[in-house]
Amino acid sequence: MSLEVVAGLQEIIAYTFEDTSLLCAALTHRSYLNEVEEVIPDNQRLEFLGDSVLGLVIASDLYARFPEAHEGQLSTMLAQMVCEPSLAERAREIDLGSFLRLGRGEEKSGGRLRASLLADAYEALLGAIFLDGGMLEAERVILQLFQNQLASCRVREHAPTDFKSRLQKLVQGAKLEAPRYRIADENGPDHEKLFVAEVLVDGEAVGSGEGRSKKEAEQRAAERALKALGIKSVESV
1169 MSLEVVAGLQ
1179 EIIAYTFEDT
1189 SLLCAALTHR
1199 SYLNEVEEVI
1209 PDNQRLEFLG
1219 DSVLGLVIAS
1229 DLYARFPEAH
1239 EGQLSTMLAQ
1249 MVCEPSLAER
1259 AREIDLGSFL
1269 RLGRGEEKSG
1279 GRLRASLLAD
1289 AYEALLGAIF
1299 LDGGMLEAER
1309 VILQLFQNQL
1319 ASCRVREHAP
1329 TDFKSRLQKL
1339 VQGAKLEAPR
1349 YRIADENGPD
1359 HEKLFVAEVL
1369 VDGEAVGSGE
1379 GRSKKEAEQR
1389 AAERALKALG
1399 IKSVESV
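Residue numbers for the sequence shown follow this note's numbering, beginning at 1169 and rising by one.
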């Protein structure tokens, strides 16, 4: 990777790496390894690290910024800020896609524009900054990059009635498989059926609910899943 490329990205993010190999690794998608003979690291491990660093920095800022917000409200704001669409947008703001090292197949399939790839690379970049400069520098860069989103963040006073949508967003923010719903049981005569629905996340049942219709049962299951996953006081989020 050329010095010009490295310098260009460092100028954009206002951070200069002591160890530029960390930056190069953060910009290297695993598909690129098929294009070179030497053994070089890709950005998957850095992505894992950056995900945790980002979550901690944003969570700490939200905690201080909204002293009256309860756990559920803070969790919702955090999930919205670190979910894949949000991170992909942050990556586009710094033109991260143009700096990535991709394999030819990934390049042809539009990898530089793919939201999941951009979000992963963005987290990897933050992980690299953390390893290179420590937590204080990582925090400075993250808060600078997210300053507009943090400034416009607001506590939601009223819960939406669509618990399925809320669960979908939170699960997406945690990078888990999309929730799946199934009708586990039906009771009563045809004119007065009572349905029991279950919702599964990553193949595990996390909530169940009853209702006079399948849709109502699924909503109740999603509501209970939110509580089971740690989103307490769902009605007031």
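Treat the hints as calculated values from the structure; they're not laboratory data.
Accuracy of the hints is not assured; some may be wrong.
Restricting the straight-line Cα-Cα distance to at most 20 Å, the calculated cross-link-like pairs of lysine to aspartate or glutamate (EDC-like) are [unchecked claim]:
| # | residue 1 | residue 2 |
| --- | --- | --- |
| 1 | K1337 | D1353 |
| 2 | K1337 | D1358 |
| 3 | K1361 | E1345 |
Ranges of calculated distance between the beta carbons of each label pair, as one might list FRET restraints [stated by the list, open to error]:
| # | residue 1 | residue 2 | range |
| --- | --- | --- | --- |
| 4 | E1252 | K1361 | 33 to 39 Å |
| 5 | E1360 | R1260 | 48 to 54 Å |
| 6 | M1303 | K1383 | 42 to 48 Å |
| 7 | E1236 | R1308 | 41 to 47 Å |
| 8 | E1378 | E1275 | 25 to 31 Å |
Where is the CB? At the ideal position from N, CA and C, for every residue including glycine.
Evaluated hints:
{"no.": "1", "hint": "K1337 - D1353", "in the structure": "violated, 27 Å"}
{"no.": "2", "hint": "K1337 - D1358", "in the structure": "violated, 34 Å"}
{"no.": "3", "hint": "K1361 - E1345", "in the structure": "violated, 30 Å"}
{"no.": "4", "hint": "E1252 - K1361: 33 to 39 Å", "in the structure": "holds, 37 Å"}
{"no.": "5", "hint": "E1360 - R1260: 48 to 54 Å", "in the structure": "holds, 52 Å"}
{"no.": "6", "hint": "M1303 - K1383: 42 to 48 Å", "in the structure": "holds, 46 Å"}
{"no.": "7", "hint": "E1236 - R1308: 41 to 47 Å", "in the structure": "violated, 26 Å"}
{"no.": "8", "hint": "E1378 - E1275: 25 to 31 Å", "in the structure": "violated, 50 Å"}
In this structure, the hints that do not hold are numbers 1, 2, 3, 7 and 8, in rising order.
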